[in-house]
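Student: Under the UniProt record's numbering, the first residue of the sequence shown is numbered 1, with each subsequent residue one higher.
Heads up, some of the hints might be wrong.
[To be verified] Using 35 Å as the maximum straight-line C-alpha spacing, the simulated DSBU-like pairs for lysine-lysine come out as follows:
#1 23 to 3
#2 335 to 101
#3 62 to 255
#4 335 to 62
#5 51 to 62
#6 51 to 3
#7 51 to 87
#8 373 to 62
#9 32 to 3
#10 3 to 354
#11 354 to 51
#12 340 to 23
#13 340 to 51
#14 3 to 373
#15 340 to 354
#16 51 to 373
#17 23 to 255
#18 307 to 288
#19 255 to 340
#20 373 to 307
#21 101 to 3
#22 288 to 340
#23 288 to 87
#24 87 to 354
#25 62 to 340
Note that these hints are calculated values from the structure, not bench results.
Because the structure is a prediction, the values reported are computed rather than measured.
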Amino acid sequence: MNKTTLRVVFATNPPDIYNDCLKFPTIVPSFKCPYPGWTAEVLGMVAEYLKWEIQPIIVRSKPGELDTGAFDNTTGEWSGLLGYLDKNEADTICLSYEYLKSRDIYFDYSFPLYNMQVVYVSKHTTSSILTALWNSFSPFPYPVWLIIIASLIIQATYATFVRYLEWKMGHERFFYPLEKYGQYLKFFLLQPEETKAFKSAAGVLVFAVFLVLQVLVFTNLYKVSVLSALLKAPDLSPFHTSAEMIQLIANGQYKMITHRLNYEANWYFVDLRESNDPHFSDLREALKNNPIFVVENISVALSYLLKGGYIYPSAQDDNLIPLVQGHCNLYYFSKDTPQKSVYFIFPNGSSFVKDWSRGLIMNIDYIGHTFSKYFENGLIGPPYPRCSGYKALPEAYKPLDMLSTFGIFFITMICLIISGISLLIETYANWHHNLIKERRKSQEKNIFKHSVFSELGNFFGAHQTIKVKPSKEELFTGIEIIHADKGPILVAGLPLVHNEKSRFISNL
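Hey, can you work out the whole structure from these sequences and the hints?
Tutor: Here it is, written out as structure tokens:
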């Protein structure tokens, strides 16, 4: 019985098929060639199951420069690999294709192999002083920090109100409005000092609640979390969701980039133009004022990616992925991106489709295993990243460097600056207070030096006004002494100083 022969086009296109093995094409993994390629392994397994013989048609191309096939409107023919099927020179291709309506007219699709996720590639942002500063605050997100600060202020305000009522009720001799704010802040910073306890039950209760919840719980949670936050590398991801990425493109902060062959033949750009999926419709809107930057080839696109500020759209099985894995500072995002099924593709009306689809269904477990082997377990072949030994260390083994702990030193510097400013203000206020005090003492002494006081007894019989010209240091304009037959002497123009000397003058 003659075996069925399947003519298959093979072209180097990682991760579908690699050319690292001694023989090309290799479709069965071995100890010497464990990773022949994702699609190559599936093709080899299905062919072995169906007992078909593979007749290879080899196409030479450089990685990233393979024309997978596009329709030429001028000639009405398909170019690249799909041209072999269109001209009936081959039966299928060792490559997984996504479904497109434009291909459906000319080709038949097999049972789907797997769903491939859209992947966006961009460069990691660089570490900065701001990112290092946030390390010290990262145990709690912004809303929690705001709640902690608001809670501290509210509890200190309520404690101040309780202290005010205690003062009104006579439990305290003095009331200082800022006393409880300072006390609560010191307790929160684990720097308590001996203070006057509350006299009321309400005050004791509110202080106990503050100590348990605000001081013990939040402070201890922070102490436990801050070390892990400092050990953890700062988040240098340019975006965390598809919505963030689209917003960056809409704002002009990032630009989408691709190369010519990818733009013309990749299903992604067809869906980007035609799909009603919210992801693509939102992205179309963002690209209106910031269009896609199309370069000549994948090498040029990669060079722009490494500069930063660009986003390259691809998929898990895109030929860019094996190339960019050789760089340490590129970021891959696929968390909430669309998926697309991939298929083997055959000429329209091919008699092989039915049996091939049956072979795929019967080997569905092997296909899942192969997908996991290539797309879920990290690196699958060269080029390997050439990172420094320090960068290659796991985060748990990295020592704390200056940048990681900068936030702590920065907070220390800020506190020292605030303390220095406070010290200057207090020093100036104390100097100004002492200056005013000395001036008042000087004024009181000058009053008794004037001869007018020695002549007061000579004027008991009549009304008399005496003007005394003050010195520059004095704050009054003169002294007016009025004597009546009965009654005290009234002295006008004196400074309002309530001491023994002023009372003596006013009672003369």
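Student: Indicate, hint by hint, whether the structure satisfies it.
Tutor: Results for each hint:
For the given pair, residue 23 sits about 23 Å from residue 3 by alpha-carbon distance, which is consistent with the 35 Å threshold. A distance of roughly 27 Å separates the Cα atoms of residue 335 and residue 101; the hinted pair therefore holds under the 35 Å criterion. With a C-alpha separation of about 26 Å, the suggested pairing of residue 62 with residue 255 holds against the 35 Å cut-off. Proposed proximity of residue 335 and residue 62 is supported: the alpha carbons are some 30 Å apart, at most 35 Å.
A distance of roughly 32 Å separates the Cα atoms of residue 51 and residue 62; the hinted pair therefore holds under the 35 Å criterion. Only pairs whose Cα atoms come within 35 Å are accepted, and residue 51 paired with residue 3 is accepted, the gap being roughly 7 Å. The suggested pairing of residue 51 with residue 87 holds, with an alpha-carbon distance near 26 Å, which does not exceed 35 Å. As the CA atoms of residue 373 and residue 62 are separated by approximately 24 Å, the hinted pair is consistent with the 35 Å bound.
About 28 Å separates the Cα atoms of residue 32 and residue 3, which keeps this hinted pair within 35 Å; it holds. A C-alpha spacing of about 17 Å is found between residue 3 and residue 354, which places the hinted pair at or below 35 Å, so the restraint holds. Annotation: proposed proximity of residue 354 to residue 51 holds, straight-line Cα distance about 15 Å (limit 35 Å). Only pairs whose Cα atoms come within 35 Å are accepted, and residue 340 paired with residue 23 is accepted, the gap being roughly 31 Å.
Distance check on the hinted pair: residue 340 and residue 51 sit about 30 Å apart at the alpha-carbon level, within 35 Å; holds. With a C-alpha separation of about 30 Å, the suggested pairing of residue 3 with residue 373 holds against the 35 Å cut-off. The suggested pairing of residue 340 with residue 354 holds, with an alpha-carbon distance near 22 Å, which does not exceed 35 Å. In summary, the hint linking residue 51 to residue 373 is supported, as the alpha carbons are separated by about 25 Å, within the 35 Å threshold.
Among the hinted pairs, residue 23 with residue 255 is inconsistent with the structure: their alpha-carbon atoms are about 41 Å apart, more than 35 Å. Taking the CA atoms of residue 307 and residue 288, the gap is near 24 Å; set against the 35 Å cutoff, the hint holds. For the proposed pair residue 255 and residue 340, the alpha carbon gap of about 24 Å is at most 35 Å, so the pair holds. Between residue 373 and residue 307 the alpha-carbon distance is near 31 Å, which keeps this suggested pair within the 35 Å criterion.
A threshold of 35 Å between alpha carbons decides the hint, and for residue 101 with residue 3 the separation of about 33 Å falls inside it, so the pair holds. For a cut-off of 35 Å, the pair hint linking residue 288 to residue 340 stands: about 25 Å separates their Cα positions. Only pairs whose Cα atoms come within 35 Å are accepted, and residue 288 paired with residue 87 is rejected, the gap being roughly 38 Å. Of the supplied pair hints, the one linking residue 87 and residue 354 holds, its CA atoms being roughly 21 Å apart against a limit of 35 Å.
A C-alpha spacing of about 26 Å is found between residue 62 and residue 340, which places the hinted pair at or below 35 Å, so the restraint holds.
When each numbered hint is compared with the structure, violations occur for hints 17, 23.
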